[in-house]
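Peer 1: Same order as they appear, the protein sequences are chains A, B and C.
So the number in the numbering used here is just where the residue sits in the first sequence, counting from 1, plus 23.
So the number in the numbering used here is just where the residue sits in the second sequence, counting from 1, plus 43.
So the number in the numbering used here is just where the residue sits in the third sequence, counting from 1, plus 58.
Simulated from the structure, these hints should not be mistaken for lab results.
Quick caveat: nothing in here was measured; it's all calculated off a predicted structure.
Any given hint might turn out to be false.
[Said to hold, decoys possible] Computed list of lysine to aspartate or glutamate pairs in EDC-like fashion (alpha-carbon distance at most 16 Å, straight line):
1. C:K374 x C:E364
2. B:K165 x A:E118
3. C:K228 x B:D285
[Said to hold, decoys possible] Examples of chain C residues lying across from chain A (beta carbon under 10 Å, computed):
4. A101
5. D107
6. T111
7. A132
8. Y219
9. S371
Just so you know, even glycine gets a beta-carbon here, dropped at the ideal spot from N, CA and C.
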Amino acid sequence: MKEFKPLPDQPAPNDTIGPIPWIKENLFSSPANSIATLAIFAFFATVIPPLLDWLFISANWSGTTQAACTNENGACWVFVIAWSKQFFYGSYPIEEIWRINLCLIGLIAIIIASFKLPKDLRNKIAIPLFLMLPFISILILSGSWIGLEYVSTDYWGGFSLNVLLAAASIIVAFPLSFLWALGRRSDMPFVKSVSIILIEFFRGVPVLALFFMGSVMLPLFFPEGTNVDKLLRVWIVLTLFMSGYMAEVFRGGFQAVPKGQYEAADSLGLGFWQKTLLIILPQVIKISMPNILATFVMLFKNTTFLLIIGIFEMLSTTQTALTNSNWLGGHSTEGYLFVAVVFWICCFSMSMISSSIERKLDTSHRN
Amino acid sequence: MSEKPQVKSSPSFFNNPRNRSLIYQLLLLVGLAYFFYGIVSNTLANMEARGIKSGYDFLFTTAGFDILMSLIPYDATHTYGRTFVVGLLNTILVSTIGIILSTIVGFIMGVAHFSHNLLIRKLAVAYIETFRNIPLLLQIFFWYFAVLAALPSARQSMSIGEAIFLNVRGLYFPGLIAESGAGIVYGAIAAAIAGIFFLRRWAKKRQNDTGQQFPVFTASLGILFGLPLIALLVSGIPFVWDFPELKGFNFRGGVTVIPELMALALALTVYTGAFIAEAVRAGIQAVPHGQTEAARSIGLKESKIMKLIVVPQAMRVIVPLLNSEYQSLVKNSTLATAIGYPDLFTVFVGTTLNQTGQAIEIVFMTMAVYFVINMSISFVMNRFNASVELAERN
Amino acid sequence: MKRLTSVIATGLALGLSFGAQAGTLEDVQKRGSVSCGVSTGLAGFSQKDENGTWSGLDVDVCRAVAAAVLGDAAKVQYKPLTAKERFTALQSGEIDILSRNTTWTHTRDTSLGLNFAGVNYYDGQGFMVSKDLGVKSALELDGAAVCIQAGTTTELNLADYFRANGITYKAITFDTSDQTRAGFESGRCDVLTSDQSQLYALRIGLKDPSSAMVLPEVISKEPLGPVVSQGDDAWFNVVRWSLMAMVEAEFLGVDSASADKAKAEGNPSQKRLMGSEGDSGAKMGIPADWGYNIVKQVGNYAESFERNVGAGSPLKIARGLNAQWNKGGIMYSSPVR
Numbered sequence: 024m025k026e027f028k029p030l031p032d033q034p035a036p037n038d039t040i041g042p043i044p045w046i047k048e049n050l051f052s053s054p055a056n057s058i059a060t061l062a063i064f065a066f067f068a069t070v071i072p073p074l075l076d077w078l079f080i081s082a083n084w085s086g087t088t089q090a091a092c093t094n095e096n097g098a099c100w101v102f103v104i105a106w107s108k109q110f111f112y113g114s115y116p117i118e119e120i121w122r123i124n125l126c127l128i129g130l131i132a133i134i135i136a137s138f139k140l141p142k143d144l145r146n147k148i149a150i151p152l153f154l155m156l157p158f159i160s161i162l163i164l165s166g167s168w169i170g171l172e173y174v175s176t177d178y179w180g181g182f183s184l185n186v187l188l189a190a191a192s193i194i195v196a197f198p199l200s201f202l203w204a205l206g207r208r209s210d211m212p213f214v215k216s217v218s219i220i221l222i223e224f225f226r227g228v229p230v231l232a233l234f235f236m237g238s239v240m241l242p243l244f245f246p247e248g249t250n251v252d253k254l255l256r257v258w259i260v261l262t263l264f265m266s267g268y269m270a271e272v273f274r275g276g277f278q279a280v281p282k283g284q285y286e287a288a289d290s291l292g293l294g295f296w297q298k299t300l301l302i303i304l305p306q307v308i309k310i311s312m313p314n315i316l317a318t319f320v321m322l323f324k325n326t327t328f329l330l331i332i333g334i335f336e337m338l339s340t341t342q343t344a345l346t347n348s349n350w351l352g353g354h355s356t357e358g359y360l361f362v363a364v365v366f367w368i369c370c371f372s373m374s375m376i377s378s379s380i381e382r383k384l385d386t387s388h389r390n
Numbered sequence: 044m045s046e047k048p049q050v051k052s053s054p055s056f057f058n059n060p061r062n063r064s065l066i067y068q069l070l071l072l073v074g075l076a077y078f079f080y081g082i083v084s085n086t087l088a089n090m091e092a093r094g095i096k097s098g099y100d101f102l103f104t105t106a107g108f109d110i111l112m113s114l115i116p117y118d119a120t121h122t123y124g125r126t127f128v129v130g131l132l133n134t135i136l137v138s139t140i141g142i143i144l145s146t147i148v149g150f151i152m153g154v155a156h157f158s159h160n161l162l163i164r165k166l167a168v169a170y171i172e173t174f175r176n177i178p179l180l181l182q183i184f185f186w187y188f189a190v191l192a193a194l195p196s197a198r199q200s201m202s203i204g205e206a207i208f209l210n211v212r213g214l215y216f217p218g219l220i221a222e223s224g225a226g227i228v229y230g231a232i233a234a235a236i237a238g239i240f241f242l243r244r245w246a247k248k249r250q251n252d253t254g255q256q257f258p259v260f261t262a263s264l265g266i267l268f269g270l271p272l273i274a275l276l277v278s279g280i281p282f283v284w285d286f287p288e289l290k291g292f293n294f295r296g297g298v299t300v301i302p303e304l305m306a307l308a309l310a311l312t313v314y315t316g317a318f319i320a321e322a323v324r325a326g327i328q329a330v331p332h333g334q335t336e337a338a339r340s341i342g343l344k345e346s347k348i349m350k351l352i353v354v355p356q357a358m359r360v361i362v363p364l365l366n367s368e369y370q371s372l373v374k375n376s377t378l379a380t381a382i383g384y385p386d387l388f389t390v391f392v393g394t395t396l397n398q399t400g401q402a403i404e405i406v407f408m409t410m411a412v413y414f415v416i417n418m419s420i421s422f423v424m425n426r427f428n429a430s431v432e433l434a435e436r437n
Numbered sequence: 059m060k061r062l063t064s065v066i067a068t069g070l071a072l073g074l075s076f077g078a079q080a081g082t083l084e085d086v087q088k089r090g091s092v093s094c095g096v097s098t099g100l101a102g103f104s105q106k107d108e109n110g111t112w113s114g115l116d117v118d119v120c121r122a123v124a125a126a127v128l129g130d131a132a133k134v135q136y137k138p139l140t141a142k143e144r145f146t147a148l149q150s151g152e153i154d155i156l157s158r159n160t161t162w163t164h165t166r167d168t169s170l171g172l173n174f175a176g177v178n179y180y181d182g183q184g185f186m187v188s189k190d191l192g193v194k195s196a197l198e199l200d201g202a203a204v205c206i207q208a209g210t211t212t213e214l215n216l217a218d219y220f221r222a223n224g225i226t227y228k229a230i231t232f233d234t235s236d237q238t239r240a241g242f243e244s245g246r247c248d249v250l251t252s253d254q255s256q257l258y259a260l261r262i263g264l265k266d267p268s269s270a271m272v273l274p275e276v277i278s279k280e281p282l283g284p285v286v287s288q289g290d291d292a293w294f295n296v297v298r299w300s301l302m303a304m305v306e307a308e309f310l311g312v313d314s315a316s317a318d319k320a321k322a323e324g325n326p327s328q329k330r331l332m333g334s335e336g337d338s339g340a341k342m343g344i345p346a347d348w349g350y351n352i353v354k355q356v357g358n359y360a361e362s363f364e365r366n367v368g369a370g371s372p373l374k375i376a377r378g379l380n381a382q383w384n385k386g387g388i389m390y391s392s393p394v395r
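One chain only, chain A, in its complex shape (with noise of 0.2 Å):
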């Protein structure tokens, strides 16, 4: 019997494989493509080199003070490296800024632990110490509360200011913003238009507005004689603000829940509160995990506003070392590139995550 014997395979046609055909077909399929690719890298050609020379190569590293810049062709990165604790951690006491650390420690290991312990224990443990967080924050860095030594809000500030900013508004928005979301799916009518008209004013006003509300209109309104401090108005803005936005990223999450859930729910007896708790509010917030993550990213990007009501935030810290009479001159460009740097490494990785996300809860069969 003659045996099936197949013959060896062909190679691939010498066009179709190697890096020559590929960069054909990737950087070189038309004329038109072809234009294009060759400006793009005439663009980079021209603008790399003296970039690289100015950002690291005739840079000055190393000093003090201002005079240590002696190169003028280079960036100062003595300013920013002098100035980084300010950047940072504000003007927070440096024997006390364990504090902030630990803070910040507890915010990142609160996240991981709500995503790695197993359900009991999170629902248990992580969740409330989530919401309990900026509280107990407050209580650490504050500190008089609990025998450390007391730091008044005026020395917070910095990078990290930034960061608890964002992060305590969005957790106290997240109780806040499922009420209002509530509220407006609700069947009573009154309820439902005091939800629709704090979402719809706290997304249809300019951020900008809000904060100058709470930096001249929030003292207005406490009584003769209070005073609340400006972080915590601020605070509160920030909380309202973020309410507005993340009550319609639920409301979005309530209507991608199938409708057979809310009846099963009824259909074995529960009451409201726990259908809504139990059954629907774990499927809403999975459902819209990625579009909690894009506002807050959006949020944490728009403290850089409070630079406008004289927060000593890292962008508003910059602008002050920027005045400092030792520093005077033409350190804005290595200040602004910092700061948008430091942004930009925390947004994307934010970004990434939230499209992994996206990625993992994507189920559908599309294309």
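Guided by the hints, dock chains B and C onto chain A, whose structure is given.
Peer 2: Here is chains B and C on its own, set in the frame of chain A:
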């Protein structure tokens, strides 16, 4: 509220969902009323104690400060009320420019994501990920203090034919000064726009009825330029050019685009464009691949596939996203205050508030304006969205 | 739910502080610190350094008050404020003193419920131009573009001055002084206008300071000074005399180095100021050696001036109007007796 099967013919008062919802709402009403009463009475007491004036009388007093750019006549002798209008118009101007440009940039970059050229694809991704993730305020600083400030000084302006000038003080180009008889030309432009509108309707109806296509785009262009041109010739060209000229310190005459406007519009365009590009990309990806394949199999050209098959379906995803992007663009335009573009925020919440100290009235008016602008955008976009969805059903 | 409520209440209570019912002086003594409203960053007047330490001419007023009342110049809580919030902060009792280059004007003094406790810097609005513009006087600036920092009085002064002289101009308003400098440097405007004290700071910040010059015209009077709430005379006196003590110390020739000597063996006026004679402190309800503490810890006015804005600082501002009255200036203090 959950409707429980009513076993008893008369449930207890509190278990009746209707009574219960009434009680809840009453509680909310009382709570809110108490809250607002507290705020109002505190505010009134505080304002009296601090000698802050209230009311809107300040709108009719003389402002006494100048504004860099105004679309309507304004100088320091006008009232605070007029500063409000000047600021509002400037806000609308920059928002409109931003919305138009960011849509164009967004669509180009969103489609570039599907380019055959690897570099263009990567560039589109790099653009989106860079500009989406840097705070807008920093981007405004970048465009204003790094890019536009690097332009040459007024005396070394770049110029095109001694008519258009670009320097660190702005972009200058010749303006048109209307003389008598210009009304005919304005009328012709209005007639051309109306004509195009009716032409489109007619062409669409004809295509629906007979299947024949009419070259609407070319015809529209012809009408848009032809009609005013004829009017111009008939009326004897009732316009004179007003060329910018370097006189003393600055250019005078012509039309000036100040760098603050350019920087803000650029920053808003690039920032919002990145979000729109992402929306466009998501929209196009949401169109099932089968649609493209089916279109190819019936022999449509590639360019027509995009235009007739993919984009109309992608619009269903894109339009709602555009709505919120436009709204945030308008809200973000308040950052003008950081570089001194005289928008509503800079002029009114900035200088006017500083001068008059009437925080409540001013912040309230400003909030109301942005709220109304955003509601209008939302209204228009919802109408647009409805038309996109209708097109899908046909 | 109850737990949550109590947590929120705790959070609120942290930020709330009731006060200002008793006198500010007692509050400050009880609290152990002076709450001082300063600018978020103004070279030479209130600025923060890399370590978060505040310094400046305005800051020294607060330090002097803390030294007088509490015996320690470091016991100051600095509250950085924007121009818009500054009066609200004072009125609501968030701060005890506002020392934030605030111009003493009639409206502010009479209708905002404020009292100006004195003047710590006589300023005036001026112009800076680029030298190669060839301008010698502000009157030649017709058609110029003017960079200006958004403020309260600067914009009005500018408009008044140019209108009175029939000159047209374009005002380009910036948010911060550093941006104003950047705008001037890039050529966005021909002229930069600001209070003279700031013009010097801005000029130093230029890449080439010698390329710009300050014009001789001073178009406004800007007496800058610390502000307190109206209706608290005891506190008003403390702030006013803390400022006076610095000026008086300079007049009497006492500085931080010679304070000990003046206290022990100075002439009668020196001893009265240093608190080793008389009961000036008791009359104000503060320690007897209040003057000594101010001079020892903060220095006299000349020291503060030179350290922050004068020869000892990068700004190098001349004393000018701010010299003692017997040296060509108008700084004059009432005697301590």
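Peer 1: Look at each hint and say if it fits the structure.
Peer 2: Okay, the hints, checked on the actual structure:
Of the pairs offered as hints, the one joining K374 (chain C) and E364 (chain C) holds, with about 8 Å between alpha carbons and a cut-off of 16 Å not exceeded. Proposed proximity of K165 (chain B) and E118 (chain A) is contradicted: the alpha carbons are some 46 Å apart, above 16 Å. The straight-line distance between the Cα atoms of K228 (chain C) and D285 (chain B) is roughly 20 Å, outside the 16 Å bound, and the hint therefore fails. Because the closest C-beta pair between A101 (chain C) and chain A is about 4 Å apart, less than 10 Å, the hint holds.
The beta carbon of D107 (chain C) is positioned within 10 Å of a beta carbon in chain A (closest approach about 6 Å), and the interface hint is therefore held. At a threshold of 10 Å, the smallest CB-CB gap from T111 (chain C) to chain A is about 8 Å, leaving the interface hint in force. With a least beta-carbon distance of about 13 Å to chain A, the hint placing A132 (chain C) at the interface is violated under the 10 Å criterion. Annotation: interface hint on Y219 (chain C) violated; nearest CB of chain A at approximately 26 Å, more than 10 Å.
Residue-level restraint check for S371 (chain C) holds (minimum Cβ-Cβ distance to chain A is 6 Å; threshold 10 Å).
When the structure is compared with the earlier hints, violations turn up for hints 2, 3, 7, 8 and for no others.
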